[in-house]
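Chains U and X, in that order, give the protein sequences. Position 20 (the first sequence) corresponds to 19 in numbering that gives the first Met the number 0; numbering is contiguous. Position 335 (the second sequence) corresponds to 334 in numbering that gives the first Met the number 0; numbering is contiguous.
None of these hints come from the bench; they were simulated from the model. Glycine included, every Cβ here is placed at the ideal spot set by N, Cα and C. Heads up, a few of these hints could be off.
Unchecked claim - Examples of chain X residues lying across from chain U (beta carbon under 10 Å, computed):
no., residue
1, Thr109
2, Leu116
3, His119
4, Gly129
5, Lys131
6, Arg176
7, Pro180
8, Lys200
As the list claims (entries may be wrong) - Per label pair, the in silico range of CB-to-CB distance:
no., chain 1, residue 1, chain 2, residue 2, range
9, X, Arg57, U, Tyr286, 44 to 50 Å
10, X, Ala45, U, Arg113, 21 to 27 Å
11, X, Ser165, U, Arg288, 30 to 36 Å
12, X, Thr145, U, Leu88, 40 to 46 Å
13, U, Leu210, X, Arg295, 57 to 63 Å
14, X, Gly166, U, Trp11, 24 to 30 Å
15, U, Arg247, X, Gly40, 53 to 59 Å
16, U, Leu119, X, Gly40, 23 to 29 Å
17, X, Ala157, U, Trp11, 44 to 50 Å
18, X, Asp195, U, Gly8, 41 to 47 Å
19, U, Ala17, X, Gly166, 39 to 45 Å
20, X, Arg208, U, Phe285, 49 to 55 Å
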Amino acid sequence: MAEAQESHGWKWLLCAPALVVLVLAASGPLLIVVAYSFLTPGNMGGVVWDFSLEGWFRVFFRRDIFDPDVVTLNDAHLAVFWRSIWLSLQTTFLCAVLGFPTAWFIATRPPSSRTLWLFLITIPFWTNLLIRTFAIQEVIRNNGTINTVLQWMGVIDTPIQMMYTDFAILLGMAYVFMPLMVLPLYAAMDKLDFRLVEAGYDLYASRFQVLWHVILPLVKPGFIAGSILVFIPSIGAYVTPRVLGGGRTMMLGNLIALQFGQGRNWPLGAALAMLMLIIVVGALVFYLRWVNREEGRNA
Amino acid sequence: MGVISTKAAATIRDNTGASVTEQESSGANEIEIRDLSKVFGQGTAAFRALSDITLDIRAGEFFTLLGPSGCGKTTLLRVIAGFEQPSAGSLRINGKEVAGLGPNARPVNTVFQNYALFPHMTVAQNIGFGLKMQGRPKAEVDATTTEMLRLVKMEAMAERKPSEISGGQQQRVALARALAPRPRVLLLDEPLSALDLKLRKEMQSELKRLQTETGITFIFVTHDQEEALTMSDRIAVMSAGNILQLGTPHDIYHAPSERFVADFIGDTNFLDVAVSAVTDDSAEITLPGGKTATARLPQGMRPVLGETVTTVIRPEQANMVAPGEGDLDGEVQSAVFFGTDTHVHLRLDDGQPFILRRQNSAETIEPEAGTRMGLLLSPGALRVLKG
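Required output: the full structure, derived from the provided sequences and hints.
Written as structure tokens, this is what we have:
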């Protein structure tokens, strides 16, 4: 025992390479962003090393062009925040609703063919995100696949406008993030003891009751992991809203990019990025607390 | 204490739609199986798990399906439960055809081999699950749950999760959960196989007590012949998807119809002998060593004179006598001491092996290897096997 304790003294050094990478690659840039959010914007982008709360102030408020002392609430920024959260929640929900039957289908295949189905689910991951997004665009644009087929069938006369709407962004994000929901759900279902499903049927439960009272509670860890994995990248998504929303419907990622680019207001961009981080962490803490409380209530 | 209240029994009856008088009459068949087959897979890969099973199970009996693994006993149980649908034939529960119905539409509950308790529910929630799914009022669910907890002596564990109780306790909860909806038939799929010997003995008598108290028909699947003999009213011995013999434990043990049954249940001596005369239900045979004896014939079997048949006799149906004074003579090979009795392994004069079981008392002396002795067979104990 004493020997184990002793050798423990230097063994942490084995972690050092990973620690160095993590500190330099993750914490370092984060600290820079934090620092930038409290500085003054430079004229041609970048920052001037003067402390200022202006970046954080501008996240929520807007100054009148002629009289900087006239302050109004920046409802454009707030709308972007709200839309990002709302679309991310919708994406998570859509992924859960569509991902559940998908994962169930895979989990109930014979073990030999499961690998194939999982492979098919993960194929999109191997393709460049931008290309995948353009593929979606090809399907939903005015003279794209859906509208052409519907017009050819005579269902509609004029194309349905799907591009550059919230619907397009939602569809694109659900498509892009679906594997992140399906895989943890599948992992949870793979561990599910199917005799419990039989026991449910045996005890007079209908299909829906078995789903509700037996299957869903048992695969809940998969839903939790999947929801977190989908929600977090959704809220910061940049490429998908940019291409499918066409810049008309802006999301947080786009707003931040705008400040670092054309806006040339790096402190504001940094403050927005920090705020996004706070929202994600806050949502995560809130969600996990809620899950734990549900768990406690059931115990 | 009658667990099946009249009211609940009436509800089940309404579900199944059969007449009341038929129910109440003793000896009515709870389950009627006719020409039932189950084939898994198709074409060349097809596997016939059950072939043309015809079987009646009486209301209120403790019925056991006994056989080695892969004999089809679990498949038959799953077909009765509704987890598998028969490929052909009919299955009636309480007079109502149920082939095609799902498990949730049959008045039958199962105790699973590994219990299959819902891990996210408490013991009480597990027990109340069936009633809740049937849409019974909460007060009734709670009352029955309490009653069931008391029945299986698990009151103190009501709020525990299945992972927080022992294997034997999980077994009790699984029983209570399956009994709570007051099924007409309780199916038990090797429920005791996961328990250690002492606990298994306890649960055997516990099961028997519950069956007597509730009056519910139990169908018990096991590969343990001793378990089957001690607990059952009737036993069906299965092999390769067929029922080989159906009867009381006494019948199965003392009058096995086939070599497989005789071999599977208990220790048995097989003697190949020649037939010297045949009467209506018995044959005179010549034993190794030249003496004659009478052996009972199975129904419908008429061996020809001189034909060699296999007879069977249990180890406890012979006694040791002086050489030349019994029906058979042989030499002791070894003696195995079991406490209450000793198994003496002999080689008969014509080379056939014979095991004799002798009950021990303080005075009995172990026979030594190499000793010659005679064997006196109990009258009427020899039976000719079919085939």
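Comparing the hints with the structure gives:
Checking Thr109 (chain X) against chain U: minimum C-beta separation of about 5 Å stays under 10 Å; hint holds. A distance limit of 10 Å between C-beta atoms decides the matter here; for Leu116 (chain X) the minimum to chain U is near 8 Å, and the interface restraint holds. The restraint placing His119 (chain X) at the interface with chain U holds, with a minimum CB-CB distance near 5 Å, inside the 10 Å limit. Taking 10 Å as the C-beta cut-off, the interface hint given for Gly129 (chain X) holds, the closest approach to chain U being about 4 Å.
With a least beta-carbon distance of about 8 Å to chain U, the hint placing Lys131 (chain X) at the interface is held under the 10 Å criterion. The interface hint given for Arg176 (chain X) holds, since its Cβ lies 7 Å from the closest Cβ of chain U, which is under the 10 Å cut-off. Hint on Pro180 (chain X) holds. Least Cβ distance to chain U is approximately 6 Å, under the 10 Å limit. Hint status for Lys200 (chain X) relative to chain U: violated, with the closest Cβ pair at about 26 Å, above 10 Å.
A hinted range of 44 to 50 Å for the beta carbons of Arg57 (chain X) and Tyr286 (chain U) is inconsistent with their spacing of about 57 Å. For Ala45 (chain X) and Arg113 (chain U), the hinted distance range of 21 to 27 Å is satisfied, since their beta carbons lie about 24 Å from each other. Checked against the given bound of 30 to 36 Å, the beta carbons of Ser165 (chain X) and Arg288 (chain U), roughly 33 Å apart, stay inside it. Our hint of 40 to 46 Å for Thr145 (chain X) and Leu88 (chain U) holds, since their Cβ atoms are close to 43 Å apart.
Evaluation of the 57 to 63 Å hint for Leu210 (chain U) and Arg295 (chain X) yields a pass: the beta carbon distance comes to about 58 Å. Distance hint for Gly166 (chain X) and Trp11 (chain U): a CB-CB separation of about 41 Å, inconsistent with the stated range 24 to 30 Å. For Arg247 (chain U) and Gly40 (chain X), the Cβ-Cβ distance of about 57 Å falls inside the hinted range of 53 to 59 Å, so the restraint holds. Here the CB-CB span from Leu119 (chain U) to Gly40 (chain X) is close to 26 Å, well matched to the stated 23 to 29 Å.
Taken as a hint, the range 44 to 50 Å holds for the pair Ala157 (chain X) and Trp11 (chain U), whose Cβ atoms sit roughly 47 Å apart. A C-beta distance of roughly 45 Å is found between Asp195 (chain X) and Gly8 (chain U), which places it inside the suggested range of 41 to 47 Å. Hint check: Ala17 (chain U) to Gly166 (chain X), Cβ distance near 42 Å, so the stated range 39 to 45 Å holds. Range check, Arg208 (chain X) to Phe285 (chain U): about 52 Å between beta-carbon atoms, so the 49 to 55 Å window is met.
Hints 8, 9, 14, counting from the list given before, are not met by this structure.
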